[in-house]
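Participant: My request is simple: use the sequences and hints to build the entire structure.
Number 748 in my numbering belongs to position 748 of the sequence shown; there are no gaps in the numbering.
In short, the hints are calculated from the structure, not lab data. It should be emphasised that the depicted structure is a prediction, and the values quoted were computed from it without experimental measurement. A couple of the hints might just be wrong.
Once the Cα atoms are required to be at most 30 Å apart in a straight line, the calculated DSS-like pairs of lysine-lysine come out as [to be verified]:
hint, residue 1, residue 2
1, 786, 657
2, 106, 451
3, 676, 657
4, 498, 165
5, 516, 564
6, 420, 451
7, 1103, 786
8, 1103, 657
9, 516, 498
10, 420, 406
11, 498, 564
12, 405, 420
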Amino acid sequence: MKALVPSLLIAGALHGGELVTEPFQPRSEAEGKTLFTELASERTGVVTTNRYDDPRMWAERHSEYNVGAIGTGVAVGDFDGDGRPDLFVVSKIESGRLFRNLGEWKFEDVTAVAGVEDGSGEWKQGASFVDVDNDGLLDLYVCRFGAPNQLYMNQGDGTFRDEAKERGLAVVDSSGGASFADYDRDGWLDVFIQTNLLDAVASIEGQRDFLFRNNGDGTFRDVTEAAGILEQATQGHSATWWDQNEDGWLDLYIANDFAPPDFLYRNNKDGTFSNAIDHALPHTPFSSMGSDIGDLNKDGHIDLFVADMAGTDHEFTQRGIADTRAMLDPAQNERLDAAVQIHLNSLYLNTGTDRSMEAAHLAGLPGTNWTWSPRFEDLNSDGLLDLFVTNGMDREHNNLDFIVKKLRAVNVFGRIRITKISPVLAQANLAYVNRGELVFEEVGAEWGLDKVGVSFGSALGDFDGDGDLDIVFTNYEEGATILRNDSRSGNNVIIELKGTASNRFGLGARVEATTKSGLQVRQLISTRGYLSTSEPVVHFGFGTEETIDSLRIVWPSGREQVLKDLSTGQRYKVTEPDTDGLVEISPEEETRPQFVEVTEAMGLGVTQREEVLEGTVSQPLLHRRFNRRGPGLAVGDLDGDGMDEIVKGATAVDGPKIFKRAGEAYQMLNTGALGKAPSINDGPPLIFDANGDGANDLLFTAGGAALPAEEPEYESRLWLSDGRGGFSRAPEGFLPSLPISVGAAVAADFDRDGRLDLFLGGRLFPGYYPEPAYSALLLQEKGRMKDATNGFAPDLAEVGLVTSALATDVDGDGWIDLVVALEWGGVRFFRNVAGGSLEDVSEDWGFDTTGPGMWKSIVAADFNQDGRMDYALGNQGMNTFYSATREHPMKLFVNDFSGSGEPQLVLSYNVEGVLYPVASRGELASKIPAVMKRFPSNDAFSAATLGEILGEEALADAEVYEAGELRSGVLLSQPTGGFVFKPLPRLAQISPTQGMAAADFDGDGKSDLLLVNNDYSSIPAQGRFDSGLGCLLYGNGAGDFEVASIEESGWLVTGNPKALALVDFNGDARPDAVVSRNNQSMMAFGNLAQEGMRSIAVRLRGKGGNPDGIGARVALVSGEDVVQLSEVQAGGGFASQSTATLFFSVPSEPMDSLELRVRWASGESAEVELNEKSGYVEISE
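Facilitator: Here you go:
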């Protein structure tokens, strides 16, 4: 939503700049079937060894070595200006080696003659080719441990001179990598130097990092403190420049190992930085390693990937990291103001705002083993960025058996000896091809990138000039590996930049290439991955595209340059134009979002506080918590004035709240006894006429699992209205005694007697999860509500764990049916048989196509515009710790595996038909002691299946609950009758969907979907499901949806949102929205009117005990065509009730015979002509 600065723009040709074009060399000849070919050192002349035989590594520097200063990097760059990228390879204790590229895959070792030999024996780590003095020559910076870093200045004659001391960069510390960028945009490269553990005795936490500013002449001064770099000691592994909020100023992500959290230094544009990680990102890895940037989903935004040590398979995960996860702080997930640490990789999707989503699970990248250097480039030249990662470690230091063995040693020397004789953790490097839509597939073996060993820093460059990128990386106790890219297809372009006002090599520039296939974006950052720098150029792969329609360069200086109609298959050298040739381009108009946040303006920024302790009734191995599901929301007219109030459910700390419109905002009413806090948290609230007097009453259900089952605190509370805004508690006996922890509450006239009935869906039976909770259907009789479940709907009584329900006419026969969503179950359709009973016909009508899942919410609309209602369903999503498919569902086993007389809950997941436990050995053994006896070795446990751990007989005797469909989606009505499930777009699966709402939000006549997501209820060992920011999906009228960007939608909901309800804040006949968040303030969003459409809001006035016409169906009809269809419903979504007002949109131009057709819940019908009406339309029964 940012407008571009209109100054300093270049259009069309270069206008003073220079463009040099060079064709690529012929493609390399493939020597095998793989995409990459490893070239032997005898062939290339790149001979290194990288020995690790310094005695100090196993004596006085052992901790510093194996915890921090282990890796080595590599640098790629054309230091001699002959057009071929050269290579500097770091060795740990030997001298790094400088290799000059002679062409034809021959390199010459020029280390000695170039003056960069270092025979000191000091430990070396990272290396950077970088032009610090803007003379057009690449200099070389080498980071060392406990010795002065070296800055080799390029003399222009093939030699270098170390001038680190004179230029202010002779840092003596545990320097790992140096990340160069022009953070203050003065045209000179500055540098961030990351450190690790220097002295384990003096500071086990590590060291403080450094920031040096270039003085404008290639010398540097330390601005660490002045720039706001934190004093906190850390053990860092990578520092990546990344414009996270896309304001044109580079921010900086710092990846730290172990407990010190990562930092995201937000560039304040004044030479200072602020750590914004808790604001910008939902969570971070726990042991952050290397990191890299790239636009992975081709949305025009640069994303960031940060690696951890999480495994790709069950066995490696269980050997170490699973036990560590189990020891996380139980209260971690409640830290609302913090980006908590999770033992997984993180993939941050840039949204064009100052907040990012996280999508590692969704992309298939939650674990890549003990990863050092992740690198994104288009390796197969198809236009999508692929991923290559290096893996392995000198020892498996986090292996639980290994740790226990060391702890049993009598002294530190014994622990070192055990470490020294332990095997190396040799792992395969991995490669992932990008299939689009954030789908990555591992192809390391297929591409020839699966070398097994311990590999560290990696870099890329076009060593043979054929346009594709080759790879080089360093290895533990062996020489560097060089891999030639032998791709036979796909067109490429390489852009080499020459800055004038900007730094000489254009580091930090943003380059956008547009072809008929769409937009690709790169940002030129040379320090990427781990301890390494790649060739300072921009590479694009274009598949079969032969022409770049537009190439846009945003230089670090702020100047913008656009080149047109460039051929692919070329290397372009582009010079930044001077100001003499600048042509002003009109700025892009600022995007007008669909929604704008109006929380404070509406007076709705109110928080329902939670108790400090969550307090779920204990069950052995329970994997989640059940309190803090709310607060719920209900919108309705409580005082009969025609304006909706907003009701917010209670917590055990704060009572329920009622907000009434007063002028331009809402005021919180003093509700007296009604507003008293209950003993436990509320479930869903509901507004409906409970006693048939024509005035809306207010029901508060109870929720959660803070108390044992069937305690009286679980009874619902009904407050009867006097019709003028006053409420009194319903007399005793009005509601039957039903101490239920409620997951869903909906009202409708199921028996067509003119009075509203009530369904209460049981969420759980506290202390007995996942046994089915009792659900009840209450029919309204004179003076009371009667539990009619056994006679009217016996299959509902123990239908399952109800999370949402909807009273809706599924089959269109005029009788209100019931749809319920279940956890560890499906979505069930109970058909109303002429007001006599509700019968489960789910299979007959295709509702079984949803499959068993972790369903959470339901809303209705006619998404495919066939004149019948469809149903959108919220689910767990595809971006959490839980993984399942219909073929391989996850399973929950409930049995007394321990023989203690109390059942345990064992959660498992399915890998190609084989079940494994989610919990670690320690977690299982804490409740099932036989596990430890059966598996005294954690390594043996890690390799065992669930059947081997618990016994196949015990599993066969257990109650089993399954979930195989985790995607949110829609049940679409079919031309032949019935429904078929269809998943929502992939990005909508980024987090568990909670609140949902359906309406035509953009006024195009087609129903859209609005979602809020995230769920903090899991135990910390399974992470925190916090990756989403909400989602607006535009419907196309055929049952398909397109995810709107946050810039386009304006819909950005942070934290732990729950209920979502529609309401018209300003009377413009358009649906606005209000969102509740657990232990956080509500959020309110106004819907901005779009041009060319007129909005119509329909308010029904029903008879007698149904004042809002609940259950009525309204069709907007032109001729005989149903343009839009909607129903009046009370309750739905996730603990939500939207306004009873229905919203429609039609074109501003007159339409023939436009009318509203109403079918009331009673079965009666009415027609109302609209003609050119807009705004509010009231229809009475």
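Participant: Does each hint fit the structure? Answer for all of them.
Facilitator: Results for each hint:
Of the supplied pair hints, the one linking residue 786 and residue 657 holds, its CA atoms being roughly 28 Å apart against a limit of 30 Å. Pair hint residue 106 plus residue 451 holds up; C-alpha atoms about 22 Å apart against a cutoff of 30 Å. Between residue 676 and residue 657 the alpha-carbon distance is near 9 Å, which keeps this suggested pair within the 30 Å criterion. The hinted pair formed by residue 498 and residue 165 meets the criterion: a straight-line CA distance of about 28 Å does not exceed 30 Å.
Taking the CA atoms of residue 516 and residue 564, the gap is about 13 Å. The hint holds against a cut of 30 Å. Taken as a hint, the residue 420 and residue 451 pair is honoured in the structure, with Cα atoms around 24 Å apart against an allowance of 30 Å. A threshold of 30 Å between alpha carbons decides the hint, and for residue 1103 with residue 786 the separation of about 22 Å falls inside it, so the pair holds. Between residue 1103 and residue 657 the alpha-carbon distance is near 29 Å, which keeps this suggested pair within the 30 Å criterion.
As the CA atoms of residue 516 and residue 498 are separated by approximately 28 Å, the hinted pair is consistent with the 30 Å bound. For the hint linking residue 420 to residue 406, the alpha-carbon distance of about 11 Å falls within 30 Å, and the restraint holds. In summary, the hint linking residue 498 to residue 564 is supported, as the alpha carbons are separated by about 19 Å, within the 30 Å threshold. Proximity of residue 405 to residue 420 is assessed by CA-CA distance (about 13 Å); at most 30 Å being required, the pair is judged to hold.
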